[in-house]
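S.K.: Each chain, letter by letter, is given below.
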Amino acid sequence: MLNKDDSQDNTFSSFSSFTQQQTSEHLGSEEPSFLAPRNLLHEQAGLLSLSFSASIAQLTQLWMNERNAPELLFYERHLVEPLIEAIEVQAEFIMEQVEDKFASMLFQTEIERIKYLLKSYLRTRLFKIEKYPLYILRQPNLKDLLSSQEIVYVRRYQELIESHYSESFLYQLPLSQHKQDEVSGDLSMVVEPNLDAPVFCKALVNVGHIDVHSE
Amino acid sequence: MALPRTHQASFTPGEIEFFAGDEKIMIIPKVKMPKMKFISGDVGPFQPPLPIEVTIWLSLIMKKNNKCSIICPDWLTVGNVKTHVKHIRPNIINFILPFHYMELAQMLLETAADDIPNAETIRTILKDLRETRQAKSRMGVKILDDTWLGMNNLSIMEINEIRPFFSRAYHEMSKLNHAEATTREDDTQEITQDY
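From first to last, the protein sequence lines are chains C and R. Using the UniProt record's numbering, you'd call the opening residue of the first sequence number 1 and step up by one each time. Using the UniProt record's numbering, you'd call the opening residue of the second sequence number 1 and step up by one each time.
If you're looking for bench data, these hints aren't it; they were derived computationally from the structure. Predicted model, so just to flag it, every value in this text is computed and none were measured. Among the hints, a few may not be true.
Unchecked claim - Just some of the chain R residues that point at chain C, by a computed CB distance under 10 Å:
hint : residue
1    : F18
2    : M36
3    : M62
4    : K67
5    : L109
Claimed, not checked - These stretches of chain R come out as covered by chain C in the derived footprint (C-beta under 8 Å, 3 or more residues):
hint : region
6    : 19-28
7    : 48-61
8    : 114-123
9    : 127-136
We treat Cβ as the ideally placed atom computed from N, Cα and C, and that holds for glycine.
Using the sequences and the hints given, assemble the complete structure.
M.R.: Okay, structure coming up:
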């Protein structure tokens, strides 16, 4: 069992470095890997089925982390995008090749499960983006934090909110009250996630007694 | 908005069942099926009556369609669960039950009750167990303070129940403690100034 896991990890890392190579060769920029030509994916189909159990386990863990963490975690595009491609390839495979109805139902169920996982992960991120748009836009590492679609979403959302506030009532107040991101003393109008919120951890190894101070 | 209210503070029980679905279990297939290439890996050819290890969600679907029988996992026996209940009453929470025991037991008892010996007895004992564990975790929560709280060997359902209460309580307690610390500082400063 141990050996099998190791080889899965190796295959996964070689697969992801391969896709990165391909995309940079073909497209010469940071385009997402699902734009890579289809025939390549079919050649890699054998490799795909080996490497995904690890990435699904990782994505499940990541989803748990994202739900429980107060702030937005980094977007793991190397997990999400290959899975999206795999779903598409698998769906085609089911339609064309599988004849047994029961087997095709099993395949469909698995696809639905993975889709649910992805959707829930993306929704959690959207929820956090909607909570703290201005704070996120001001982060220096925006491109690592969000996918390109999310960046468009957060910008648009922030514009909408600001224009909504100013058109609903701010225009009627004197000019000095128009700013929506004022900082006065200790308080900032920009909503920040509470980084001191408690999180449940699972100890993987027995680390003995730990002293935690209130700071 | 993006996440409904029920999903915001903690996981819903449905989602916890979803996690549990990825665990593995042994089944005896009733029909012969070739090797299937799933995205998450290959599921080997089904040759009745050879037992094979599959994921829980797969086994439950097959059971519902009457295509397999499920081999009861080791921990879901009357003897094992009874020992667990006995040990829990003195101040020890023993870890004989797996992390997902609640939802696994629920799903298995629901769908595969005929494959589990003494299903009814197990149900009642599990209910007992759940109440005892809840009482225990409530006692643990009473002694919570704002630095940390550790309880060993909680199952994920129990953690999930405590989580929203605990986050909120922790937050309030740290605010109170912080306020107390600042007033104490102010008091000491005033004293030195007067002096």
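S.K.: It remains to establish, for every hint, whether it holds in the given structure.
M.R.: Hint-by-hint comparison with the structure:
Using the Cβ-Cβ criterion of 10 Å, the hint placing R:F18 at the interface with chain C is satisfied: the shortest such distance is roughly 7 Å. Among the interface hints, the one on R:M36 holds; its C-beta lies about 6 Å from the nearest C-beta in chain C, closer than the 10 Å criterion. Hint status for R:M62 relative to chain C: holds, with the closest Cβ pair at about 8 Å, below 10 Å. Given hint, R:K67 at the interface with chain C, holds; its Cβ is 7 Å from that chain's nearest Cβ, closer than 10 Å.
Annotation: R:L109 was flagged as interfacial toward chain C, and the flag is violated, the nearest CB pair being 21 Å apart, outside 10 Å. Counting residues of the region 19-28 of chain R whose C-beta lies closer than 8 Å to any C-beta of chain C gives 3; at least three are required, and the coverage claim holds. As drawn, the region 48-61 of chain R meets chain C at 3 residues by the rule of a beta-carbon pair under 8 Å; at three or more, the given contact holds. Here the region 114-123 of chain R counts 0 residues with a CB under 8 Å from a CB of chain C, which misses the bar of 3, and the coverage is violated.
Figure legend: the region 127-136 of chain R, annotated as covered by chain C; annotation inconsistent (0 residues with Cβ-Cβ distances under 8 Å, at least 3 required).
Of the hints listed earlier, those the structure fails to meet are numbers 5, 8 and 9, in rising order.
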